[in-house]
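Asker: If you want the building blocks of each chain, they are given just below.
Protein chains: 2
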Amino acid sequence: MRLSRYFMPTLKETPSEAQIVSHRLMLRAGMIRQQAAGIYSWLPLGYRVLRRIEAIVHEEQEKAGHIPMLMPTLQPADLWRESGRYDDYGEEMLRITDRHKRDLLYGPTNEEMITDIFRTHVGSYKDLPLTLYHIQWKFRDEIRPRFGVMRGREFYMKDGYNFDVDQENAFHAYNRHMVSYLRTYERMGLKALPMRAASGPIGGDNTHEFLVLADTGESEVFYDSAILDLKFGDRAVDFDDKAACQSIVNEWTAPYARTDETHDPALFDAIPEERRKTSRGIEVGQIFYFGTKYSEAMGATVVTADGTRVPVHMGSHGIGVSRLLGAIIEASHDDKGIIWPEGVTPYHAGLVNLKQGDSAADAACEGIYAALAKRGLTALYDDRDERAGAKFASMDLIGLPWRITVGPRGLKNGVVELTSRRTGESEEMPPEAAVDRLAQIYAGV
Amino acid sequence: MRLSRYFMPTLKETPSEAQIVSHRLMLRAGMIRQQAAGIYSWLPLGYRVLRRIEAIVHEEQEKAGHIPMLMPTLQPADLWRESGRYDDYGEEMLRITDRHKRDLLYGPTNEEMITDIFRTHVGSYKDLPLTLYHIQWKFRDEIRPRFGVMRGREFYMKDGYNFDVDQENAFHAYNRHMVSYLRTYERMGLKALPMRAASGPIGGDNTHEFLVLADTGESEVFYDSAILDLKFGDRAVDFDDKAACQSIVNEWTAPYARTDETHDPALFDAIPEERRKTSRGIEVGQIFYFGTKYSEAMGATVVTADGTRVPVHMGSHGIGVSRLLGAIIEASHDDKGIIWPEGVTPYHAGLVNLKQGDSAADAACEGIYAALAKRGLTALYDDRDERAGAKFASMDLIGLPWRITVGPRGLKNGVVELTSRRTGESEEMPPEAAVDRLAQIYAGV
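The listed protein sequences derive, respectively, from chains A and B.
Residue numbering for the first sequence follows numbering that gives the first Met the number 0, beginning at 0 and increasing consecutively.
Residue numbering for the second sequence follows numbering that gives the first Met the number 0, beginning at 0 and increasing consecutively.
Everything labelled a hint here was simulated from the structure, so no lab data went into it.
Treat the hints loosely; a few may be bogus.
Said to hold, decoys possible - Pairs of lysine-lysine, DSS-like flavour, derived with a Cα cap of 27 angstroms: (1) B/Lys125 with A/Lys11; (2) A/Lys411 with A/Lys373; (3) A/Lys276 with A/Lys62; (4) B/Lys190 with B/Lys62; (5) B/Lys373 with B/Lys125; (6) B/Lys335 with A/Lys100; (7) A/Lys354 with B/Lys125; (8) A/Lys354 with A/Lys411; (9) A/Lys230 with A/Lys276; (10) B/Lys190 with A/Lys373; (11) A/Lys125 with B/Lys11; (12) A/Lys335 with A/Lys354; (13) B/Lys241 with B/Lys292; (14) B/Lys230 with B/Lys190; (15) B/Lys190 with B/Lys292; (16) B/Lys335 with B/Lys11; (17) A/Lys373 with B/Lys62; (18) A/Lys125 with B/Lys125; (19) A/Lys276 with A/Lys125; (20) B/Lys373 with A/Lys62.
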């Protein structure tokens with residue numbers, strides 16, 4: 000994309016309404032615009048990151064054998080009356096009346112609807128195991144929306160639901176989700192730690208939250224620093240293999256890691272002192288096993304091998320897709336702006352022309368732009384007639400992990416500059432070498 | 000995908016609530032499920048087609064230089080009070096009050112919001128031309144939702160908005176949209192004819208609708224059959240070239256083609272009688288030029304080269320993404336079920352194992368399944384322990400354009416059967432040849 004043709008309304012001033020760094024940087028980088036309290040437009044740059052995160056979530060869910068579908072944003076109130084949550088949910092539920100005076104609501108989550116779909120179409124244990132998920136806009140009418148997309152009202156969430164014939168199989172589904180989430184977050188460049196948590200309005204005893212450590216987190220967390228050394232990497236996982244999934248879950252749940260809601264000081268104090276850590280954390284996902292809570296209330300049953308009819312065991316599993324943009328920025332930025340991990344960057348590289356209009360510089364930029372495209376890499380080419388300083392400041396603000404700088408002086412020596420946004424280090428090399436280097440870097444992402 | 004692990008709840012009975020064939024077939028094929036009047040869940044098979052259509056729309060919009068972003072589903076009522084449409088819109092607008100008693104609405108379209116974004120961030124003619132678009136869920140509270148996703152209440156739409164410094168440039172944006180839409184529909188296997196139309200509540204004099212000819216269409220249309228012979232093909236288009244775009248628009252607007260709202264019997268009668276056609280049509284898109292209607296009302300202006308400040312010229316351009324599934328089925332089905340065009344099929348091929356459990360048949364199916372995947376082709380593999388007749392009926396119902404049938408008898412002669420869903424014709428060939436043939440077919444899609 001050429002910046003001269005793009006719509007990326009960066010701001011010089013720091014917006015006064017933003018209290019935390021990710022909110023400030025998303026506004027300054029022209030990624031979002033508030034349309035009402037807690038309701039945002041995703042401007043082109045923000046939308047690209049949102050789509051990238053969504054794509055990673057889809058890929059990892061499908062690898063785990065979970066099936067994508069899509070439920071609507073609006074739901075009939077009657078489904079929630081069946082489960083008993085229509086009255087329980089309180090003012091965070093956005094209730095709506097249509098022209099025929101029928102009660103609808105903007106879905107904050109989908110346990111009722113998916114259970115309704117299941118009970119309509121599935122009746123035999125032979126159709127299990129089954130995990131369905133969707134990524135859809137949700138609404139929670141927060142009393143005080145704040146922190147930009149981190150605590151918005153209209154937000155984008157992946158929520159998945161497993162249906163299993165018994166607890167043992169449902170626990171495997173739970174483990175499968177934990178494993179797939181570990182890889183999902185790691186691909187986004189995030190260290191998101193699974194922590195024992197409390198279940199809240201979803202219900203159920205078994206639940207883990209995934210938390211990103213950041214000073215601005217809303218939760219207090221307690222953990223054994225040994226968990227920070229774990230790395231998922233690109234290990235192959237057979238998601239049908241119960242023992243293999245359990246072993247990965249054991250690996251990540253062995254070190255102590257809990258939120259303030261489940262914190263156990265006695266267990267915590269048993270950790271060697273130098274590994275005992277307290278921090279703030281941002282919740283970016285949660286998995287639940289809640290057994291037959293909804294299936295019993297709503298009559299979602301299957302016939303088993305021996306002919307008896309039993310309510311299915313269920314769990315639900317969420318990833319806060321829109322919130323993740325904020326969490327990633329909280330975890331990865333500096334004074335100059337955002338630093339995108341390679342896995343979620345909106346463009347693979349920035350391309351800065353130091354002297355727009357200089358025929359050698361213009362030609363070299365066009366050549367690099369085309370060469371990157373040929374390798375499947377996207378560049379944001381700053382082809383505006385601006386000072387170099389302003390171009391660098393824009394690139395640093397929006398945080399593309401790599402920048403190629405092209406100027407007449409370097410070109411006389413046959414070189415351009417490749418700069419890492421994270422380290423700030425630059426290296427001179429011929430244009431082709433810079434393209435090769437980027438192709439190598441992104442081949443591993 | 001292996002059918003034994005999929006969730007595709009096909010129905011044997013024809014649902015009584017469905018009045019038109021696309022609605023019946025989408026229900027029977029397990030693609031959608033109604034959650035409330037005019038509000039649908041997209042079950043896995045339906046969701047795959049929806050995503051495929053969405054991907055084509057994105058690709059063609061980006062080729063035309065239009066920039067993707069995303070506006071929220073809910074909008075503040077105040078924006079619509081500014082344009083004057085809050086009161087005009089009537090009962091089709093779903094009005095919502097949040098916990099703080101603020102007026103929101105579920106967006107039926109986005110002229111106001113995009114104009115607000117523009118006026119906040121853009122002030123100079125140098126930033127033009129600019130076309131922003133998004134694909135987002137909309138809501139229109141139809142008094143009588145019907146025909147499944149063809150006239151739902153919650154529906155998925157691409158809407159794009161161009162901002163130009165004057166009418167001449169805005170007309171070019173209009174033409175650019177017509178050209179990109181022609182290719183978009185053709186890639187979906189649709190003949191969607193641009194017809195002069197009336198503007199309705201959006202406003203503006205210049206507008207074309209795109210209509211798919213089908214008996215169940217809600218509009219009456221009148222056209223010169225010469226327009227049916229036009230084909231866009233894979234011609235290269237420079238979307239910056241005003242003359243080139245105008246010439247394509249001229250080609251498609253030369254033959255008479257109008258809806259009943261703009262029909263001119265005198266002009267129609269001047270067409271040679273054998274080319275004079277009347278039919279029903281399904282609207283699948285519309286483009287508008289409405290000039291300064293919203294920019295004047297809302298103060299969206301730019302400073303021109305000579306320093307004066309002028310309201311921008313705008314247009315809006317929509318494609319009914321969710322509706323397209325219905326329209327494609329209306330245009331492409333037979334007594335047995337859906338016939339997906341190759342461009343939008345949920346899976347590239349069906350794979351039917353005539354004798355599940357037979358080691359040769361099982362091994363051949365696994366081999367073909369893997370070989371297709373290696374070529375980037377997706378198969379829906381019916382690995383259930385079912386009669387051949389039931390497997391064929393399912394495949395015919397869901398309408399994958401190609402089917403590979405594998406059985407012990409054929410394998411003894413080293414062949415499988417490749418069948419076209421459209422023609423019903425089958426050909427025997429070695430498994431590798433069937434895979435090659437499919438790769439060839441889809442290379443051109």
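Asker: It remains to establish, for every hint, whether it holds in the given structure.
Answerer: Hints, verified against the model:
The straight-line distance between the Cα atoms of B/Lys125 and A/Lys11 is roughly 19 angstroms, inside the 27 angstroms bound, and the hint therefore holds. Our distance criterion of 27 angstroms between C-alpha atoms is met by A/Lys411 and A/Lys373, whose separation comes to about 25 angstroms. The hinted pair formed by A/Lys276 and A/Lys62 fails the criterion: a straight-line CA distance of about 34 angstroms is larger than 27 angstroms. The straight-line distance between the Cα atoms of B/Lys190 and B/Lys62 is roughly 21 angstroms, inside the 27 angstroms bound, and the hint therefore holds.
For the proposed pair B/Lys373 and B/Lys125, the alpha carbon gap of about 47 angstroms is over 27 angstroms, so the pair is violated. With a C-alpha separation of about 40 angstroms, the suggested pairing of B/Lys335 with A/Lys100 is violated against the 27 angstroms cut-off. Straight-line distance between C-alpha atoms of A/Lys354 and B/Lys125 comes to about 19 angstroms, which keeps the hinted pair within the 27 angstroms bound. The straight-line distance between the Cα atoms of A/Lys354 and A/Lys411 is roughly 14 angstroms, inside the 27 angstroms bound, and the hint therefore holds.
The hinted pair formed by A/Lys230 and A/Lys276 meets the criterion: a straight-line CA distance of about 19 angstroms does not exceed 27 angstroms. Using a Cα cut-off of 27 angstroms, the hinted pair B/Lys190 and A/Lys373 is violated, with the two alpha carbons roughly 33 angstroms apart. For the given pair, A/Lys125 sits about 19 angstroms from B/Lys11 by alpha-carbon distance, which is consistent with the 27 angstroms threshold. A threshold of 27 angstroms between alpha carbons decides the hint, and for A/Lys335 with A/Lys354 the separation of about 23 angstroms falls inside it, so the pair holds.
Distance check on the hinted pair: B/Lys241 and B/Lys292 sit about 24 angstroms apart at the alpha-carbon level, within 27 angstroms; holds. Under the criterion of a C-alpha separation no larger than 27 angstroms, the hint pairing B/Lys230 with B/Lys190 is consistent with the structure, at around 9 angstroms. For the suggested pair B/Lys190 and B/Lys292, the alpha carbons sit about 32 angstroms apart, so the restraint of at most 27 angstroms is broken. The suggested pairing of B/Lys335 with B/Lys11 holds, with an alpha-carbon distance near 12 angstroms, which does not exceed 27 angstroms.
With a CA separation close to 16 angstroms, the supplied pair A/Lys373 and B/Lys62 stays within the 27 angstroms bound. The suggested pairing of A/Lys125 with B/Lys125 is violated, with an alpha-carbon distance near 63 angstroms, which exceeds 27 angstroms. For the proposed pair A/Lys276 and A/Lys125, the alpha carbon gap of about 46 angstroms is over 27 angstroms, so the pair is violated. Restraint check: the Cα-Cα separation between B/Lys373 and A/Lys62 comes to about 16 angstroms, which is no more than 27 angstroms; the hinted pair holds.
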